[in-house]
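Undergrad: The residues making up each chain are set out below.
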Amino acid sequence: MTGAFDIILCLMILGAAGIALFVRDALAAIAFFIAFGNLLGLAWLGLDAVNVALAEIALGAGVTGVLLILARARLLALGDDATCADTSAWLRAGALAACAGFVLLLAAAVLSIPPESGLDRAVAPLMPGLGIENRVTGVLLAFRAYDTLLESFVLLGALVAVWSLAPAGVWPGRPADLGVADVPMRRVARSFGRFLLPVALVMAAYLVWAGSDVPGGAFQAGTVLAGGLMVSAIGGAIGLPRSDLPGLRVALVLGPLVFLLIGLAGMGFGGFLVYPEGSAKAAILAIEYSLFLSIGATLALLVAGPNVIGWPDPAGGTDRHSDC
Amino acid sequence: MMTFAPLLLVLLPVVAALVSFALPERLSAWRNAANIGVAFVKLLVVAYLLLQAQAGVVFEWRYEFLPGYDFVLRLDPLALLFVTLSVFLWLLTTIYAIAYFDRGPNLPRFFGFFNLCVLAATGVAMSGTAITFFLFYELLTLATWPLVAHRGDDKSLRAGQIYLTYTLAGSVAFLAGILWLQSLVGAIEFSAPANLGAIPPLTLTLIFILCIGGLGVKAAIIPFHGWLPEAMAAPAPVSALLHAVAVVKAGAFGIVRVIYDVYGIGTVAELGLGVPLAAIASATILYGSVQALMQSDLKKRLAYSTVSQVSYIVLGASLIGPFAVIGGLVHLVHQGIMKITLFMCAGALANRMGITAIAELDGAGRLMPVTMAAFSVGALGMIGMPPVAGFISKWYLGIGALQSDAAWAVAVLAGSSLLNAAYFLPLLYRAWLLPPPPGRPAIAELATTRDRMLILPAVVTAVVSLGAGIFASLSFSPLGWATLVGLGYLR
Amino acid sequence: MVTGHVYALTGAVLAGLGLFAFITLRHTLRQLLAINVVGAGIFLILGGLGRGADATDPFPQALVITGIVVAVALTAFGAAMIVRLAEARVATKAATRPDGGKPGP
Amino acid sequence: MAVPLGFMLAALLAGRAARWLILPAAPAMAGLALWLALVPADAAYLVGHWDLPLGILLRPDGVARLMVAATALVIGAVGLHALADPPEKAGNAAQAETFWPLIYLLWAGANAGFLTTDLFNLYVTLEMVSLAAVALAAMGSLEAALRYFMIALVGSLAYLLGVALLVGRYNTVDVTLLSQVAQPDLATMLALGLMTAGLLIKAALFPMHGWLPPAHAAAPAPASALLSAIAVKLGFVILLRLWFEAFPAVSGQTALHVLGGPGALAVIYGSVQAMRQQRLKALVAYSTVAQVGYLFLAFPLVAGAPDPSGAWAGMMLHAVAHMLAKAAMFLAAGLMLKAAAGDRIGDLGGLAQSMPMTVTAFGLAAVSLMGLPPSGGFTGKFLLLNAAIAQGAFLYAGVMILGGLLAAVYFFRALSACFAAGPAPRAPATLGVRTAAPLVLAGLAIVMGFGGSALHNLSAIAAPWAAPGAAAP
Amino acid sequence: MTADPTLLLPLAVLWPMLLAGLALLPGWGPRMVLLLPLGPLPALAAALVASRDVPVALPGVLLDSGLELGATGALFLGGAATLWFWAGVYAAFYMRHDGRPAAFALFWNLVLAGNLGVFIAGDIVTFYVFFALVSLLAYPLVIHDRQPASMRAGTVYLVLAVCGEVAILVGLMLASFGAGGAIGIEAVRAGLALPSAHPAAVPLLIAGFGIKAGLMPLHVWLPVAHPAAPVPASAVLSGAIVKAGIFGLVAFLPLGMPAAVAGNVLMILGFSGLFLAALMGLAQAGAKAVLAYSTVSQMGLVMGVLGFALAEGSAPAAVLPAVALFALHHGLAKGALFLGVGLAPVCGRAWRWGLLGGLAVLGLSLAGMQLLAGALVKSALKDQAGAFGAMLIGLSALTTALAMARCLAVLPGATSRCRPPLLMALPFLALSGAALWLPWLLYARIAGTTPLAADLRSLIFEAWPLALAALLIAGAVAVGLKAPVLPEGDALSPVRRRVAALSAAARAAERAGSRSLRRSRPKPQTVIGEDLDRIEDVFREGAAAAILVLAIAGAVVAASLI
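Residue numbers (the numbering used here), protein chains in the order written: chain A, 1 to 324; chain B, 1 to 491; chain C, 1 to 105; chain D, 1 to 473; chain E, 1 to 562.
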């Protein structure tokens, strides 16, 4: 029934999570969080959910990890090492009791539900009509395309929200320097980035293409792209763009816009988000490619954060970091 | 035909209110014209309605406000009695207010709310269902507040706050009462009282207490009268309106409605609720009078006098007998015209001579004889001196009390008359008989249009209150109309 | 015990653990991390309960992917807020310290 | 069916931040809302024509119609107002630009949430709204927004956990399907409990309201208006779907008091706190806490009524009236505070004279919020009170009555401060859109009081009590 | 004669009102003072020629009121109108240089209207209206000269008048109710005679009318008010206006039906007033005050008789004419006396003796001096007063005579003029003449017997009190006895002092009360406020939210399980 692998993996996950949560040093916590994310990816593989595993490793561990590291670094620069003061024992005891009870209740509920892939049966017969193989992609971009559409807007909205945090006087401007590394590191990163960026682009494009049939897809691909962009930015291979750059805006909006337009076009075929007979795959691919670009750009900028004070010359150009 | 006539009465003031709100101060002449014009048109409509009503036509306008709850405007004789009073006095008060303020601050606001007030008062009168009544009743509360707080000084604001605290609490109690009753018998229509026979007496009693208690706040029955004297911080036209027509009358009117059109006199008598209410009303009558006696501020004295006088209406309604009902209803009108006379005069005194305290009244009669003459008529009427209208009310109330086997109520009336005399006659004494303070010139009361507008409304009401007394038994007199209404209930 | 249940239970424990951490930790960044742990636990429950005998249901998988994206978006926003708040506090402190004005005792 | 059109439009605009887009957007959305209100009662749309266990059902029932319409009105008015009176902090161009995409995001999220019957889809919309709401709140106070954000995240996760359990248990997340298959077992109850708790956070029901007052009080006026009017309502609507549509069989009458009890407490507690506030916007924010209480207090009343249509309509009317009135009030308060000497209530003196229209708007909104007639607030409260008294729930009735009185106390405290003679206000407001917007909203809240019957019938469209399991496509 | 009832009766009251209205016209005041005598003329005509007991309906006025002139009323009306006429003539001259002519003419005419109206009212509402008119508007006449003493007197008058009004109003209400809501005077009186009548009705009416008529001990206003007014006003006050009170009793007392308690009380009060007031009058320093006390005394006599009749259940037809006749005589005589007192300052030596003589004759007549009209009317009354009453009436001649003597003794001396002006003297003479002559004229018509049929011997025998009085007066003059001087209004001033003290105390108490109220106002509950703040802070924590999520979820589960 259950392999030892599964159990050991689960224990490791729990251990990593425990350390990530309760270790005193913030950097260590984040490091263990990233490890935790990767272990989770393994867990998803164990569940035969390769799509999710990719997403978890790329987004859950990768992007989130970078986000947290950057945030911690910036806080440190401001004199905040993100360690926690001890809370009162009473609170801990109370919380412990509450959470333990919660876990027990939840466990009981979980155990009362027999695991089954109930909807697989519903999905399977519909797949041929779409012309793609990957059922998850099918769910994401056809059956629940509406969810995904909204989700893409959440992502974009998050970016807008992040932008909105910029202090007065720096709009339109650029996000903060991603340079967390020292100069030699950055030089390495820069050369690495120059090399990485095109590779990432190609790889991501492949992921999208593959996503229709084998695991992969726009989100995972977008993450890869974002990763490439970020590394390049850290190294200074590319400069962070001004937030009002028209090209940037187009890149950000492209995915949701295409998605939306195709959805609207569906109204000509019977209703919103109805794909025309036979060309479902084409539509899905179009959406995926445009989404992937936008997601890449969005994620990269999300990581970068809001515009900040400290860019003396907003028009400073791309060679801001070439002084070294 | 003309089923929208009641609606017209409600909408006309809205027009005037909007005009008042919208027009800037420099177009005040237009605003004044609109106000008087609308008031006048309303009077014409009411005249038409009166004629129709004489012929037995009952106007009704109905609109489903919520499923099962109709918004009904219905002009039965009782409604018409109150409507006529409101509309007539409103015209006068509008004229008076225009003269009183002349060019004060915040007048668009004032006249706007002023019109909303008349809207609410006529609405209260015409309401055909409990819920409609409540709507207008609350509107009245709200529209009056800015008027009370009009001056914006600490005193007015405090008064406004007290006013609201009391009246809102009252409204809530009233609302709870009608909701409770509605949950038992369905929507309450005044024209078709529900059969309350199946409801336990205790429940009915509690509901009655809620309703009457709630309405009693506006009618300033003790112990809910506290807001009224405080509200004297308001400008004189407002006081006139609060006391004579709108607020306290709405409360008293509501009590009449509850007793006669919701419960029905039979039920009230069965439950034995009339006598306690009459007792409370009596206590109010006496208490208000005693308090009035203690006041040194003219308007406060008048205010406590209102506390006392409005309870006459309640007393009449609660005694349940032909004469008592008629007495109560006719006092609704009589008290209105007499008290408005007094307040308009008090306002004129304050406006022209800066007189607010009773001690300052010395010689006022010599300086402003017309004003003080009108004032005197009002005051004598309040005492119950014939032939001013107040006497007629007292007469009917007294006989009614005896008919209802409540001779003690006659003693209350008598005591109140004495107290009334005790607090009004000294005013007249000062005004007419004591010499004015040196150096105070006589006022040319009728010199300009504005002066005339300030005085003449009071003169008109004084004359009307005399006329209503002298010609009481004409069929179109207040008494005649009240008799019609009262007999309608007793049939 | 079924494989799915193992993962789902792990998810349940993760959720409890994360929640406990959220309650007891006093730094927003760490709380944010805790929330991500809770989220991961919930996703595991979704996945674990969708684990059939032969395959995992694509429907919960899709939901999880959507959920992860949303979580990342929110985390990014949260992290940005935390940093900005710290910056703003430092800036306020810097602004008030020099012109505190009053002659100290 | 093509309802998300509005949302698409909004989304389109999100990219290109341009404040002027509100001009076409507002009427377009209003028109769509109107169209939505008039579609046949049994209209429903399966997105992409994918059948239910997989697909997502959009269904304009009475609740959705009312809410979408009210949202269109509120955001339209707030948007126009913001056009004339920029919401951002002085000189913050980032806020000026991002404000617009964010309100469209909020708009889209809210509308999508009101229309859908899919619990997971609701999660996404919930996040859209929360995200936009937090970002808007952050324009005023980062600290409050961060607190809001953290608490909201807990709520989201609780909700998501519940969804996860339901997916595992029933393999569907559609409300209409769940209502047919739901069993009162542990997993379902726990799911319901968790989702409820999470949503209560979003809806800011006492005692989970802690995030609301600071966030709403600090945000720029248009943002506060949207937060108080719309953001909390989505949680409320989802709870309606859960308790009355999906799980009426699961939740007993007792469980409903878990909502009703805190609702009643919220009314009292929010009112008491509002009375104590010294700052105008804090007062208004606490009033939201109290008003939200009424919405939940209505839950047991709806369930307990033999004919729930009255209480149901009362609840909906109250929600809509609160949206309109509260938005109006925040806008008015914003204008007043700009003109006043300070942000304390005592600083409002003289405003009634210098900006009568704005104070009128504030007053009208207050009338509706207090539940005084004639207003939508009154009609709603009237129906609720009626229901409470009819079923002998005197405790709830008493709370409602008391709440109305307390509301009167605190609102009139603010109003009378405006009437007080005070120093000449700094900037006499001019007539124009920014004055008109709150006035129109407040006026609508009042006018609602006259359209009780129509709204009552509207709210009854496809209501869960009318025909259980209705609205299959 | 055919049209007269419909015209004359309303005219009798409307005409003075019209004159009053004219006095309001700017500048018409002095003119109207000159026209004062015109006021009562229609009433005089009515009294003479209007047909009796024919109701005149005035539909629409008040409660559909009516006017009606009965036989008794006609006597009262005639007497009053005569007195008002001559007093008007006097006033027209006396007040010609007055500072407030308009006010005087206004109130004079209004009081006149009210006074006459009382006598011709056909229903109780109308009656009450006129009664109130005469009661209250006499106040301005009392205080016309605005002297402090007058003002005080006026206040006393007004207070009692208002109390009287209220008592009457309530009494009338009770009476009307007892009569089944009828308002016709006859019907009401009949109703009062029924055993079912409210027991308080008659006492209240007695009290109310008693105040007006100076019933002991409610008379206190009278001796202070009458002297305070200008001379012609005093004359009508004492002569005509108090008769309104008597008329009230006449009209409403349910004679013919024995009412022992009320009747006896009235009788006792009346007769004690008869003597006590006269004795108090003896102790007065002012001639007008003496006359006022004499009025109290004489009215006490009438009321004593009425009380007796009430107690006995005598038929009204027997009693009332006698009362009316007495009232007529007293009114005219007392009016003449007041006018005479007014003449005193302007009568020089010879004229003074003439005046004194005239006054003495009038006084003797009042005292019941044989062969004078007074004896005639008293004998008519004695017939209705029972033996004891008759004895008292006879005895009262003594006190009355003494009082009259006192009046003459304190008559003010002449000042400047030696010859009284014709317009002042003529009314005095005319009234004196009328007082002495009219009873003779009317006696037969009323009493049914000729006046001279009385037994001369008994007449002389019954004159002994007068003789005694003459002796006493002579003795007093001989030894130079000075009468003690009481303040006007006897019991009044101590009462007034106490009232003042009480009201001062009340005010002080009220002030203290409001102060303590202010002090006890609760302060803002800061402590609770802080607690609320702390609670609120807890709710703002994310941790709290998380715990609450768990709690609510648990609660839902638990509640669902239940």
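The hints are simulated quantities; they were obtained by calculation from the structure and are not laboratory data.
Errors might be hidden in some of the hints.
Stated by the list, open to error - On the chain D side, residues computed to face chain C include the following (Cβ under 7 Å):
no. : residue
1   : 34
2   : 35
3   : 38
4   : 40
5   : 44
6   : 153
7   : 167
8   : 185
9   : 337
10  : 402
11  : 409
12  : 447
13  : 450
Glycine is no exception: its CB is placed at the ideal position from the N, C-alpha and C atoms.
Undergrad: Next, verify each hint and record whether it holds.
TA: Consistency of the hints with the structure:
1. 34: Constraint on residue 34 of chain D not satisfied, violated at 32 Å.
2. 35: violated (30 Å)
3. 38: violated (33 Å)
4. 40: violated (31 Å)
5. 44: violated (21 Å)
6. 153: Holds, because the Cβ-Cβ distance from residue 153 of chain D to chain C comes to roughly 5 Å (cut-off 7 Å).
7. 167: holds (6 Å)
8. 185: violated (14 Å)
9. 337: This interface hint is violated because 22 Å lies over the 7 Å limit.
10. 402: Violated: closest Cβ of chain C sits about 34 Å from residue 402 of chain D, beyond 7 Å.
11. 409: violated (36 Å)
12. 447: violated (39 Å)
13. 450: Because about 43 Å separates residue 450 of chain D from the closest Cβ in chain C, which is outside the 7 Å limit, the hint is violated.
Consistency note: the structure conflicts with the earlier hints numbered 1, 2, 3, 4, 5, 8, 9, 10, 11, 12 and 13.
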